[in-house]
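K.L.:
First to last, the sequence lines map onto chains A and B.
Quick note, the first sequence lines up with residues 1 to 285 if you use this note's numbering.
Quick note, the second sequence lines up with residues 1 to 285 if you use this note's numbering.
Read the hints as simulated data drawn from the structure, not as lab findings.
Keep in mind that the hints are not guaranteed to be accurate.
Because identical chains share one entry, a pair is satisfied inside a single copy or across any pair of copies.
Stated by the list, open to error - In the DMTMM-like style, the derived pairs of lysine to aspartate or glutamate whose C-alpha atoms are separated by at most 25 Å in a straight line are:
(1) Lys2 x Asp25
(2) Lys75 x Glu231
(3) Lys133 x Glu150
(4) Lys186 x Asp137
(5) Lys75 x Asp277
(6) Lys132 x Glu66
(7) Lys71 x Asp6
(8) Lys254 x Glu87
(9) Lys263 x Asp6
(10) Lys65 x Asp6
(11) Lys186 x Glu211
(12) Lys75 x Glu30
2 protein chains.
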Amino acid sequence: MKTRLDCIFCIQRQALDTVRLVTNDVKEQERILRSVMVNILEMNWNTCPPDIADVMYNIIRKESKENDPYKTVKKECNDIALGIYPELKKIVDRSANPLLTAVRLAIAGNVIDYGVGPNFDINKTISLVLEKKFRIDHFTEFVNNLKESEDLVYLTDNAGEIVFDKILLETIMNEYNFQKIYCGVKVTPFINDTTMQDAVYVGIDKMEGVEIMNIEVDENKVDHPSKTFQEIITKSNMIISKGQRNFETLPDNKKIFFMLIAKCPMIANELGAEQGDIILKRGSG
Amino acid sequence: MKTRLDCIFCIQRQALDTVRLVTNDVKEQERILRSVMVNILEMNWNTCPPDIADVMYNIIRKESKENDPYKTVKKECNDIALGIYPELKKIVDRSANPLLTAVRLAIAGNVIDYGVGPNFDINKTISLVLEKKFRIDHFTEFVNNLKESEDLVYLTDNAGEIVFDKILLETIMNEYNFQKIYCGVKVTPFINDTTMQDAVYVGIDKMEGVEIMNIEVDENKVDHPSKTFQEIITKSNMIISKGQRNFETLPDNKKIFFMLIAKCPMIANELGAEQGDIILKRGSG
Chain A
1 MKTRLDCIFC
11 IQRQALDTVR
21 LVTNDVKEQE
31 RILRSVMVNI
41 LEMNWNTCPP
51 DIADVMYNII
61 RKESKENDPY
71 KTVKKECNDI
81 ALGIYPELKK
91 IVDRSANPLL
101 TAVRLAIAGN
111 VIDYGVGPNF
121 DINKTISLVL
131 EKKFRIDHFT
141 EFVNNLKESE
151 DLVYLTDNAG
161 EIVFDKILLE
171 TIMNEYNFQK
181 IYCGVKVTPF
191 INDTTMQDAV
201 YVGIDKMEGV
211 EIMNIEVDEN
221 KVDHPSKTFQ
231 EIITKSNMII
241 SKGQRNFETL
251 PDNKKIFFML
261 IAKCPMIANE
271 LGAEQGDIIL
281 KRGSG
Chain B
1 MKTRLDCIFC
11 IQRQALDTVR
21 LVTNDVKEQE
31 RILRSVMVNI
41 LEMNWNTCPP
51 DIADVMYNII
61 RKESKENDPY
71 KTVKKECNDI
81 ALGIYPELKK
91 IVDRSANPLL
101 TAVRLAIAGN
111 VIDYGVGPNF
121 DINKTISLVL
131 EKKFRIDHFT
141 EFVNNLKESE
151 DLVYLTDNAG
161 EIVFDKILLE
171 TIMNEYNFQK
181 IYCGVKVTPF
191 INDTTMQDAV
201 YVGIDKMEGV
211 EIMNIEVDEN
221 KVDHPSKTFQ
231 EIITKSNMII
241 SKGQRNFETL
251 PDNKKIFFML
261 IAKCPMIANE
271 LGAEQGDIIL
281 KRGSG
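The shape of chain A in the complex, shown without the other chains (with noise of 0.2 Å):
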C-alpha cells in the first residue's frame, strides 16, 4: 500500500506518542521529534507506510537509547488478555461454529493496537465484533484452505492480540491435520508488536505442534521489510496476515487470508471500507 500525505503526520502523531513513553522532559521530546521530521524529510515518500514508520521508531529507539519502549504496555496488554482467556475459551467451545467464532475473536484482538492509539474498549469491541457482519467475508475459501493446505503460517500482529490469536490457533490445531503451524513474531520491537518474549508469555512455546517463527525486519534492510515475507509466501502453502501493518505490508497473494479492523482511514479506504469494519479477505494476487 502506497503511503498517502495523510500517513505522514499520522506517523508524526506515533512517533509523539512513543517519545512520551521513553521520557517525560519535553525539551528532549521535542529534539527527538525534530529529529524524526528530519529523517521523514530526507525519504522518498513513494514507499508503503511502515518503512517510513519504521524510520521513525528507529529513530525514537536509537536517540533515547531504548529499545522497546512499549515494553511495559505490552505485558499490560498480554496480562489484560490473559485475564479473559478462561471466557473467550468458553465462547469458542459453546459456540456452533466454533472456527468462526475464534476468527471472529482474534479479529477483535485487533483493535489493541497501539500505533492507531490507546484509546480502545476491548470488552466492547469483543461483543461487537462477535455479532458484526464482516465487510469482506471470505471464510468459506478460509475453511477450503484450511481443508487442504499441508502446511500454515500466522503473522501475529500485537502484544495482547496474541492471546486471541493463541485461541485461534488452538481451535485450528483442534479441527485441522497440521503437522506444525508456524506462528510469526517480530525479531526487532515496532511499537506494541509481537516479539519472541509475548509468545512466550502467553505460552505459545508450549503449544504442541506450534512453532515460533522470527520475522526479521532488520534496521538496514527497512525499506524492504517484505523481502523476508517473500521467502514466507514462496515456502508455504497457506498464510493467516494479522493486522493493518501485514496488510500494508505484505504482497497481495492468494496465499494469504488477512484478518484485521480497519481502523486506519486509508487502509479502510484501500479496501473499499468503512472504518471500524470487519475484513477476512483473501488476497487476489
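Could you slot chain B onto chain A? The hints should help.
P.N.:
Using the frame of chain A, we list chain B on its own:
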C-alpha cells in the same frame, strides 16, 4: 498559549487540508508539504501555535500563488449562515433574554472552523449551544462591562460565524448606548478567518454605529502578531474576542471577554474544559 508538540502535526494536518484546496496534483501537494515541514523545523517552537500556523499558511500561499485558498469555502459558509439569519433573529427576538441568546448563538457559530476541520453540523450545534451549560460563565461580568464601557471592539473569527456575530452586534447596539463598535477582521487571509470581504458580504459595513477594523497580521511580523492586538487593548475599554486563535494569541487581560467552543484538545486543557465545551471567559491579567 504555548505550542505543544501535538500542535506541530496538527498544523501539518491543517496544511494538508489547505494544500488540497489549491491543487489536485499529489506531487505538487507533497512538494508544498515538504516545504512546510522544512520551515517548521527552522522555527523556534517556543511560541504560540498561530505563529507556526501563520508560517505554514504563508508558505502555502507563496508556493501555490493562491492568496486566499479558502475564498470559495468562506463564501459558502457566509451563504449558509445568511440563509438561516432570519430564523436566528427570530430566536433572539422571542427569547426571554435576547442578549444571552445572541451570545449563545455567536458561540454556536464558532463551530464553523476549518482550522479544526470541515466536519461540523451547524444546525445541530445551534440546538445544542442554546441549551448547553457554560463551562466558564462570566455572563454577569460581561453585562456589567457592557453597561460601563464607553467603547467596544469585537474581534471576529471565521467566515459564516460572522453572520452570528452580526446578530450579537445588533443585539448589543439595540440594548446599549455605544456610539461606535469596532468590528475586527484580518487583512491577510488565514484559513477561513474573516476578512473585510466577508464583513462587507454579510452587511456589517451597512450597520449604523459599527466600523469595520482591519487587524494586521503582517507576513513579516508573524513572530509578533500580538503587537497589533496590544494597541487595541491599550486603547479600548472592552473587547469581545471570538474563537480559539484569538484566545491563543491575545494577552490575558480583564478587558477581554473570550467567546468560543473549545474544539482543540490543547485549548480545552488550557481552559480546564472538555472538547465541545462552551466558554464565555473574562481575561484576568
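K.L.:
Are the hints correct? Go through all of them and say.
P.N.:
Verification of the hints:
1. Lys2 x Asp25: Intra 34 Å, inter 16 Å, cutoff 25 Å: inter-copy only.
2. Lys75 x Glu231: neither (30 Å within a copy, 56 Å between copies)
3. Lys133 x Glu150: This pair counts as neither: shortest intra-copy Cα distance 30 Å, inter-copy 64 Å.
4. Lys186 x Asp137: neither (27 Å within a copy, 53 Å between copies)
5. Lys75 x Asp277: neither (27 Å within a copy, 36 Å between copies)
6. Lys132 x Glu66: Intra 39 Å, inter 46 Å, cutoff 25 Å: neither.
7. Lys71 x Asp6: Cα proximity of Lys71 and Asp6: across copies only (23 Å, versus 28 Å in one copy).
8. Lys254 x Glu87: neither (34 Å within a copy, 59 Å between copies)
9. Lys263 x Asp6: both (14 Å within a copy, 21 Å between copies)
10. Lys65 x Asp6: between (29 Å within a copy, 23 Å between copies)
11. Lys186 x Glu211: For Lys186 and Glu211, the Cα distance is within 25 Å only inside one copy (14 Å; across copies 66 Å).
12. Lys75 x Glu30: neither (27 Å within a copy, 39 Å between copies)
The structure is inconsistent with the numbered hints 2, 3, 4, 5, 6, 8, 12, although it conforms to all the rest.
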